[in-house]
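All chains, please: the whole structure from these sequences, using the hints.
Number of protein chains: 2
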Amino acid sequence: MSRGILSGMRIIEGSAFIAAPLGGMTLAQMGADVIRFDNIGGGLDAKRAPLSKNGNSIYWAGWNKGKRSIMIDLNSEPGREIVSQLITAPGKDNGLFLTNLPMRGWLEYETLRSRRDDIIAISIEGSSDGRSAVDYTVNAATGFPYINGPSSSQSPLNNPLPVWDMLAGNAAATGLLAAERYRSQTNKGQLIRLALTDIAFNAVANSGISAEIQINGNERTNNGNDIYGAYGHDFATADDRRIMVVAISRRMWEKLLEATGLNTTFIELSENKNIDLTNEQVRFDWRKEITKILEPWFLERKLKEISEQLSEHGVCWETFQTFSQLITEDSRFSEDNEMFENIYQPGIGSYLASGSPLNFSTHERLPVQPAPMLGQHTNEILAEVLGLPDHSIAKLHDDGIVSETSYTE
Amino acid sequence: MSRGILSGMRIIEGSAFIAAPLGGMTLAQMGADVIRFDNIGGGLDAKRAPLSKNGNSIYWAGWNKGKRSIMIDLNSEPGREIVSQLITAPGKDNGLFLTNLPMRGWLEYETLRSRRDDIIAISIEGSSDGRSAVDYTVNAATGFPYINGPSSSQSPLNNPLPVWDMLAGNAAATGLLAAERYRSQTNKGQLIRLALTDIAFNAVANSGISAEIQINGNERTNNGNDIYGAYGHDFATADDRRIMVVAISRRMWEKLLEATGLNTTFIELSENKNIDLTNEQVRFDWRKEITKILEPWFLERKLKEISEQLSEHGVCWETFQTFSQLITEDSRFSEDNEMFENIYQPGIGSYLASGSPLNFSTHERLPVQPAPMLGQHTNEILAEVLGLPDHSIAKLHDDGIVSETSYTE
Numbered sequence: 001m002s003r004g005i006l007s008g009m010r011i012i013e014g015s016a017f018i019a020a021p022l023g024g025m026t027l028a029q030m031g032a033d034v035i036r037f038d039n040i041g042g043g044l045d046a047k048r049a050p051l052s053k054n055g056n057s058i059y060w061a062g063w064n065k066g067k068r069s070i071m072i073d074l075n076s077e078p079g080r081e082i083v084s085q086l087i088t089a090p091g092k093d094n095g096l097f098l099t100n101l102p103m104r105g106w107l108e109y110e111t112l113r114s115r116r117d118d119i120i121a122i123s124i125e126g127s128s129d130g131r132s133a134v135d136y137t138v139n140a141a142t143g144f145p146y147i148n149g150p151s152s153s154q155s156p157l158n159n160p161l162p163v164w165d166m167l168a169g170n171a172a173a174t175g176l177l178a179a180e181r182y183r184s185q186t187n188k189g190q191l192i193r194l195a196l197t198d199i200a201f202n203a204v205a206n207s208g209i210s211a212e213i214q215i216n217g218n219e220r221t222n223n224g225n226d227i228y229g230a231y232g233h234d235f236a237t238a239d240d241r242r243i244m245v246v247a248i249s250r251r252m253w254e255k256l257l258e259a260t261g262l263n264t265t266f267i268e269l270s271e272n273k274n275i276d277l278t279n280e281q282v283r284f285d286w287r288k289e290i291t292k293i294l295e296p297w298f299l300e301r302k303l304k305e306i307s308e309q310l311s312e313h314g315v316c317w318e319t320f321q322t323f324s325q326l327i328t329e330d331s332r333f334s335e336d337n338e339m340f341e342n343i344y345q346p347g348i349g350s351y352l353a354s355g356s357p358l359n360f361s362t363h364e365r366l367p368v369q370p371a372p373m374l375g376q377h378t379n380e381i382l383a384e385v386l387g388l389p390d391h392s393i394a395k396l397h398d399d400g401i402v403s404e405t406s407y408t409e
Numbered sequence: 001m002s003r004g005i006l007s008g009m010r011i012i013e014g015s016a017f018i019a020a021p022l023g024g025m026t027l028a029q030m031g032a033d034v035i036r037f038d039n040i041g042g043g044l045d046a047k048r049a050p051l052s053k054n055g056n057s058i059y060w061a062g063w064n065k066g067k068r069s070i071m072i073d074l075n076s077e078p079g080r081e082i083v084s085q086l087i088t089a090p091g092k093d094n095g096l097f098l099t100n101l102p103m104r105g106w107l108e109y110e111t112l113r114s115r116r117d118d119i120i121a122i123s124i125e126g127s128s129d130g131r132s133a134v135d136y137t138v139n140a141a142t143g144f145p146y147i148n149g150p151s152s153s154q155s156p157l158n159n160p161l162p163v164w165d166m167l168a169g170n171a172a173a174t175g176l177l178a179a180e181r182y183r184s185q186t187n188k189g190q191l192i193r194l195a196l197t198d199i200a201f202n203a204v205a206n207s208g209i210s211a212e213i214q215i216n217g218n219e220r221t222n223n224g225n226d227i228y229g230a231y232g233h234d235f236a237t238a239d240d241r242r243i244m245v246v247a248i249s250r251r252m253w254e255k256l257l258e259a260t261g262l263n264t265t266f267i268e269l270s271e272n273k274n275i276d277l278t279n280e281q282v283r284f285d286w287r288k289e290i291t292k293i294l295e296p297w298f299l300e301r302k303l304k305e306i307s308e309q310l311s312e313h314g315v316c317w318e319t320f321q322t323f324s325q326l327i328t329e330d331s332r333f334s335e336d337n338e339m340f341e342n343i344y345q346p347g348i349g350s351y352l353a354s355g356s357p358l359n360f361s362t363h364e365r366l367p368v369q370p371a372p373m374l375g376q377h378t379n380e381i382l383a384e385v386l387g388l389p390d391h392s393i394a395k396l397h398d399d400g401i402v403s404e405t406s407y408t409e
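Residue numbers (our numbering), protein chains in the order written: chain R, 1 to 409; chain B, 1 to 409.
Hints are computed from structural coordinates only; laboratory data are not their basis.
All of these numbers come straight from a predicted model, not from anything done at the bench.
Worth double-checking, as some hints may not be accurate.
Copies of the same chain look alike in the list, so a pair counts if it fits in one copy or across any two.
In silico DSBU-like cross-links for lysine-lysine, where the CA-CA straight-line distance does not exceed 35 Å [what the hints assert, rightly or not]:
(1) K53 - K273
(2) K47 - K288
(3) K92 - K188
(4) K302 - K188
(5) K255 - K188
(6) K395 - K302
(7) K53 - K288
(8) K304 - K292
(9) K395 - K273
(10) K273 - K292
This is the structure in structure tokens:
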């Protein structure tokens, strides 16, 4: 059996929605044993859309692949005791807790720490001021919705992709590994905190968007599909497809001119206007004129011909695809790509699922595992991690403190 | 002096644009010594927009904070030898290489490995099929541009935020820490590979978007600012602001009804239509009717009043802000938030910059460091990492192999 690069590391996850589950899945798909605990019947995200026809959550299955699941009555004292024991189990592979649940009361850091001094807990929170926040509200505050759209647009437009959740999940994985490294050197645990608004505002600042306002007094506006500060544009083809073409380096620009054979036309433009189009800022400033020259070349040709010409010259370009086109026409989104595997997800069916995007040369790719059914591993976790004997586990079931899988096939 | 959680770890970075620089900066802002090497005069990204009035790159400064910089003639044999020596320097803190340069020729993994057997190199690549790709072309292929926009929209619309670059940078940091952990246990190094298209297609699959098509035959379409599968909508206020309101859990929904006092109206709707609005899928299906009822409540009130009412009841909501509003009106984007610090960036000026979004309880926050000037640390790196004496360093300068800072203040 293949073991991943993080094998031997166990993370207890108490989570819902995307950020924390993705953090756990990122580590699980690298070989960590990630145990997600849920209330009996499932957490807030157990029935989120999209659902299969029989009501199981395709969404939940997507963010929880490769984990183990235990179902526990989290409102009961004995149930909470079990979770606390799982989180603070002894041994160097244990004592890692990833959550976006409020770390209050029985889940308070100091309470957990009193049971295991070197516990590492990472808490993903909403707004840095303590307010409730989710990806879609955080995004509203960032400023990005006001530049998402065609240049004529006035209304703010949110991103259909939960970017901040996804970045937070990745940051949580990084933070946990950093803290575990530190613990292995010093035997010190800790609490790591991470707010969704900080993830988002950090991105605004890093992008230079706020600095540009503070330094130059210039606020970025909608550029549609143009790339800010360089040349990038979308073009229609003769057969009614659209493609994205990018020239952010001098070499990419030269390749584009070679591929389209429009070199002399652009030399004329440069000479007439006395501009240097090998400078990317100049290309940005003159993007409308550039587009006007390039447009007919694409409109006169079908995608197939364009594809051959651009690829032959190594131009940086891509076809706009719908999701359906992506999964039916693009071999990079198929089992031809070793990141993908067709899996059978109990209660849902068979579909293409993704493993880790990271390829480690020391390790074979782990098979892509489906998400667990809720409570699928309740008994084995109680036995393996807490060392409970069969009769104690049976009693917990009898008392309604833990539960096993029940799902609709 | 405060030392970060990754202090003692050194990464050599050969990079351009966003993904790899962000990977390095993520680790640098956690205390790693990240040394970025650039060709004399700077790499492809040295002059990317936005620029300050005197032509220095605000963009470059944003993605390279807290690193050290060495400038080397990368086209010369002696220059390449120096970089190879930096990458393969002995000692457990060394031997980490992060790059998006092509790992060919003198930078080939096997070549580096012949100099240090346990080298860890992480290579961020464009398309998984070897084609050139950047964030904006990758995004075109994902399918997201076809659902980014109002429901009336037909044209694909790219994301103004380079999401895939940012996720790749985060994944690179995670991958590097995982590999270093493995090396510390086994003394084995490795090559880690990561393609931008894999990062993006992984997100499509994890989101359940492709599975939904394969299982239900249902392709997601544009929902504007509505949240797929739950209730979330944007509303105009009496004073012409817009806000985002979200109810993705039963509790969030109940709080929204309490705050707006519209509980009885929704009970009537539920009874008339025989629907259960505490179910989030039902809220999604009836989102237009829900919005119609809520809309006047917001339109009749100014932002201040709305803010007080919603916040008092703990509703999950947020104001849409432009970038300017974010940096002038939102205290979470200011030095009130300890993630932020006003820094002086040589050649550019003073502005608010962000440190790591991760807060480690074992470590005080590292001060936010500006980006280095190109070549700022050339001499100290040659002395410290390679142990070169002054006269050797002087000779390298004389021969034009290395160079120190030259910039416009």
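Numbered hints the structure breaks, given as an ascending list: Violated: hints 4, 5, 6, 9.
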